[in-house]
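Peer 1: Given next are the chains, with one letter for each unit.
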Amino acid sequence: MLNKIIKNRLSLTGLGLIVLLFCVAVLAPVIAPYRADAQHLPRRLANPGHEFLLGTDDLGRDTLSRMVYGVRISLSVGFVAVGISVLIGTVLGLISGFFGGWVDTVVMRAVDIMLCFPTFFLILLVIAFLEPSIYNVMIVIGLTSWPGLTRLVRAEVLSLRERDYILAAKLLGLGNLRIFFVHLLPNVISPIIVSATLGVGDAILTESGLSFLGLGVQPPTASWGQMLSSGKEYIYLAWWLTLFPGVAILLTVLSFNLLGEGLRDILDPRSNAGK
Amino acid sequence: MLENKSETAMTMNILEIKNLSAEYYRNSETVHALRGVSLGVAEGETLAIAGESGCGKSTLAMSVLGLVYPPQGRIISGEVIFGGKNLLAFGKHDWQRFRGKEISIVFQDPFSSLNPVLTIGEQLAETVLAHAPGMAKNVLSGLVTGALDETVFEDPGRILSSYPHQLSGGQRQRIMLAMAIINRPKLLIADEPTTSLDVTIQKEIMDLIGKLRKDLSLTVILITHNMLLAKQRADRIAVMYAGEIVELNSTEGIFSRPLHPYTRALMDSVPRMLSKTPPKALAGQPPDLSSIAKGCSFAPRCREVMDICRSSAPGEYVIGETKARCFLLDPVIKIRK
Amino acid sequence: MRTYILKRLSYSIPILIGITLITFLVMHLAPGKPTEMLTDMNARVSADAKTKLAALYGLDKPWYVQYARWLGRFAVLDFGKSFRDGRPAVAKIAERLPASLLLNILSLLLILAAAVPIGIFSALHKDSIFDKATTVFVFIGFSVPAFWLALLFMILFGLKFGVLPISGLHSLDYSGMSVPGKLLDVASHLILPVFISAFTGLAGLSRYVRSSMLEVLRQDYIRTAYAKGLPENRIIFRHALKNALLPVVTILGLSLPALIGGGFIFETIFAYPGMGRLGYEAVMARDYPVVMAVGVIAAFLTLLGNLVADITYAWVDPRIRYK
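These protein sequence lines are chains A, B and C, in that order. So this note's numbering is basically just the index in the first sequence, starting at one, shifted up by 69. So this note's numbering is basically just the index in the second sequence, starting at one, shifted up by 90. So this note's numbering is basically just the index in the third sequence, starting at one, shifted up by 2.
Hints were generated in silico from the structure; no laboratory data involved. Glycine included, C-beta positions come from ideal geometry on N, C-alpha and C. A hint or two may mislead.
Stated by the list, open to error - Simulated coverage check for chain B against chain C, where a stretch passes if three residues somewhere in it have a Cβ under 8 Å from a Cβ of chain C:
(1) 229 to 236
(2) 242 to 248
(3) 337 to 348
(4) 406 to 414
Unchecked claim - A few chain B residues that don't get close to chain C, going by computed Cβ distances all over 12 Å:
(5) Ser-111
(6) Glu-133
(7) Ser-167
(8) Leu-214
(9) Ser-252
(10) Met-269
(11) Asp-297
(12) Val-360
(13) Pro-368
(14) Asp-378
(15) Ser-380
(16) Pro-421
Stated by the list, open to error - Below, in silico cross-link-like pairs of lysine-lysine (DSSO-like), each with a Cα-Cα straight-line distance of 27 Å or less:
(17) Lys-191/B - Lys-244/C
(18) Lys-182/B - Lys-128/C
(19) Lys-108/B - Lys-191/B
(20) Lys-301/B - Lys-108/B
(21) Lys-182/B - Lys-108/B
(22) Lys-227/B - Lys-244/C
(23) Lys-83/C - Lys-182/B
(24) Lys-108/B - Lys-370/B
(25) Lys-227/B - Lys-175/B
(26) Lys-304/B - Lys-175/B
(27) Lys-321/B - Lys-301/B
(28) Lys-182/B - Lys-134/C
(29) Lys-370/B - Lys-321/B
(30) Lys-128/C - Lys-244/C
(31) Lys-366/B - Lys-384/B
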């Protein structure tokens, strides 16, 4: 499997970048030249230079250091949010696809209804009611992204359900739970992995959007979206406050998208991958 | 007498395949689908190319029409002579004017072979227009209706405005045949034309092919894995195994005096009425064509295998109009044995 | 075909009900009764007056009664009055909706015009330089935060080059302009938002067209077309394309909610007078009637979009249209 990933250029680049990001996240205290909340008041809004490689913001905080610590925020939001949506989506999709009947109808209607609402609007709504915080953001994104995954899992289960080995398992009297875990799940995992990977990128984009609007991660915690928000005030004076955090978001989301699409090429038996 | 024979022998071959080798690529593996195939097809005959799945018979058909090209595959060497020209030297433009006009092909699955979003009428008309652009509408429509008539359709008007999914399997295959003969080709290749169809329809289609052959003076290459079908419809049979022709003979000859052990095994495996002996299945699997082993490709399954068969591959031994690729026909080896 | 349409419509109705129900529930689960918003500021309002006010809004009745009344009012598009300026919510939406629609439709058209040719060309020349380059380009579009791009462009065009306006839909002296002047003015205001919106949305569709085309090119009927000696142009543009673009119709319908939804941050940055910005401002100000109105209308438009997409698909694909 790892071999295939290495062969596929897309996923290799994506994976490489992600590994890099993880290292940065873990080694943040070592890599960052300054602490994320350290203020250097005499050097506010400093241009990028020797002392502060990527400049400072309006409170004299080093942009580079904040960006480095920001990796942690983005990655954790991405993974937790996706974790939640994968959990909900997979369970619902499995149940819906496998049992059919009114369970299926109810679940799919719920999915359809949820998909009609503009996701961002929903998130906005919920966050506005609750207190904006990183945890709420993670949960809310997770709670609003499961419908797509449910559909995917259900479709996969539906196509698998009629396969002979499932029918054989049923005939042999295997319990439903066992059928789920041993027979269905391994086959359903492929599209889930692809969707989850792409979902992390999506979650990070959403989080940065929320933080930008002030509804996500709160200052002084350094989230890239939040940095963009405070940087907006000085957009014409201090362009570095706008440029660099955005690049960080772009590269991070890009790496997950590359990996996800690469995985899709590899895992989808029908695709024109390889030669 | 001798002169006459060689004259007629020379003028009768409408298609001459010489030492054709081709490979195709699958899952980063190279499959050697054709390994030095040589074959002559006489004008007006029905030649069956018979063999198990994977023996290369379909690849052979595709190669004749130049439908084996990168990145899926490649024709490595050989010649395909038709009408005095080597088809393998054709460029894209040459092929476009040639296919569907001089040589036509019908495929196995008529459902997937017809475009689901275009009407039958359009798919028929375009076949004509591709080779006669700017044809007058009434002439075109006459040709199209004529083709439907020749393929035994009773209500051409309704058929013309239908879509493939509205027709039955037999009807679709008849449409494929109509598209194939509408431009009056000289050669028709039928690649497993009845395999996807119900048994009851099979006879209908084969009868239709026979009728078209007579009415339009066609030469037919019939590709099949069904020996009985070959026996019923073909004048000569070429048996293929592992990308090679292992035996070529008249139908009568193949069935009464099979020369190659593979052919013999095939004969034994065909159930025969009024025979006391039950059919004998052939053990083993055809070889994996991604790697070429030494020696005769049939050796592992051959009941009459000799030592030499495992170390060197036999060439073709020609006896009159027959040929077989087997050391058993080698007079020298036989004596030694 | 007719049965398909009827079935599809009947399927939509429970969804519509679901939408209204959820919106209603959310509104009532929100902390802080609507009336409290109005009265909290004014300490002199007595408890008695508060109850009277609540009764006026029908907030003292059981929830299902409230829901029924709400549905009734929804049917006539009465969403109540905005808490902020007392104007009917519908009116506020009505004045913002056209701008949003304009932006989204133009963006969608641009996406279509670009993504389809790119996707087809990439499929036909798979693994070529063009394919690889567009893949990179498209991935970046996928991954870039739209609002950030907007900010960058604002700096570039708005400030440095001073060429394109960076906010709103009209310049200040709009009313004084001639008709062509007005058109030009609106157009110049639209360029940046439409372009950025299209750039980020391009990725999905072009990848989809590409893979759809690749899938079609592998089909048997394409092989038949070659075997019949059809010219390459005809094979690609008549045989392949028609099949490849079928699923694109559905995808378009699904793109609609993405466009509508993505507008929220976008419009805020550009100070674009659209529905997205209205919704955002309403949420921040806890202006429930407007929030509910925006939510329901957006959801309804999405539902409509999906419905139209499905029916169009059914009409275009002969396999569904004719039995």
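Peer 1: Now tell me if each hint is right for this structure.
Peer 2: Structure-based check of all given hints:
Using a Cβ-Cβ cut-off of 8 Å, 0 residues of the stretch 229 to 236 of chain B lie near chain C, which falls short of the minimum of three, so the contact claim is violated. Remark: the stretch 242 to 248 of chain B is not confirmed as covered by chain C, as 0 of its residues place a Cβ nearer than 8 Å to a Cβ of that chain, below the required three. Residues of the stretch 337 to 348 of chain B lying with their CB closer than 8 Å to a CB of chain C number 0, which falls below the three-residue condition for coverage. Counting residues of the stretch 406 to 414 of chain B whose CB lies closer than 8 Å to any CB of chain C gives 0, so the stated coverage by that chain is violated, three being the minimum.
Even its closest Cβ contact with chain C, about 22 Å, leaves Ser-111/B beyond 12 Å, as expected for a residue assigned away from the interface. For Glu-133/B, the condition that its CB be more than 12 Å from all CB atoms of chain C holds, with the nearest at approximately 21 Å. In this structure Ser-167/B is separated from chain C by more than 12 Å, as the shortest Cβ-Cβ distance comes to about 23 Å. A cut-off of 12 Å between C-beta atoms contradicts the statement that Leu-214/B is not in contact with chain C; the least separation is 10 Å.
Once the 12 Å rule is applied to beta carbons, Ser-252/B is inconsistent with being away from chain C; the minimum gap is 8 Å. The beta carbon of Met-269/B sits about 6 Å from the closest Cβ of chain C, which is not more than 12 Å, so the claim that it is off the interface is violated. Taking the minimum C-beta to C-beta distance to chain C, about 23 Å, the non-interface status of Asp-297/B holds against the 12 Å cut. Residue-level check passed: Val-360/B sits 30 Å from the nearest beta carbon of chain C, beyond 12 Å.
Non-interface status of Pro-368/B relative to chain C is upheld: no Cβ of that chain comes within 12 Å, the nearest being about 38 Å off. Every beta carbon of chain C lies more than 12 Å from that of Asp-378/B, the smallest distance being close to 24 Å; the non-interface claim holds. Every CB of chain C is more than 12 Å from the CB of Ser-380/B (nearest about 21 Å), matching its label as outside the interface. The Cβ of Pro-421/B lies farther than 12 Å from every Cβ of chain C, with a closest approach of about 44 Å, so its non-interface assignment holds.
Distance hint between Lys-191/B and Lys-244/C is fulfilled; the C-alpha atoms sit about 25 Å from each other, no more than 27 Å. At most 27 Å may separate the alpha-carbon atoms for a hinted pair to count; Lys-182/B and Lys-128/C meet this at roughly 19 Å. A hinted pair counts as satisfied when its Cα atoms are at most 27 Å apart, and Lys-108/B with Lys-191/B qualifies at roughly 23 Å. A threshold of 27 Å between alpha carbons decides the hint, and for Lys-301/B with Lys-108/B the separation of about 30 Å lies outside it, so the pair is violated.
A C-alpha spacing of about 22 Å is found between Lys-182/B and Lys-108/B, which places the hinted pair at or below 27 Å, so the restraint holds. Between the alpha carbons of Lys-227/B and Lys-244/C the distance comes to roughly 24 Å, so the proposed pair stays at or under 27 Å and holds. Pair hint Lys-83/C plus Lys-182/B does not hold up; C-alpha atoms about 70 Å apart against a cutoff of 27 Å. With a CA separation close to 34 Å, the supplied pair Lys-108/B and Lys-370/B exceeds the 27 Å bound.
A threshold of 27 Å between alpha carbons decides the hint, and for Lys-227/B with Lys-175/B the separation of about 33 Å lies outside it, so the pair is violated. For the proposed pair Lys-304/B and Lys-175/B, the alpha carbon gap of about 26 Å is at most 27 Å, so the pair holds. Simply put, Lys-321/B and Lys-301/B have alpha-carbon atoms about 17 Å apart, close enough for the 27 Å limit, and the pair holds. Between Lys-182/B and Lys-134/C the CA atoms are separated by roughly 26 Å; this keeps the pair inside 27 Å, and the hint holds.
Under the criterion of a C-alpha separation no larger than 27 Å, the hint pairing Lys-370/B with Lys-321/B is consistent with the structure, at around 19 Å. A C-alpha spacing of about 19 Å is found between Lys-128/C and Lys-244/C, which places the hinted pair at or below 27 Å, so the restraint holds. As the CA atoms of Lys-366/B and Lys-384/B are separated by approximately 39 Å, the hinted pair breaks the 27 Å bound.
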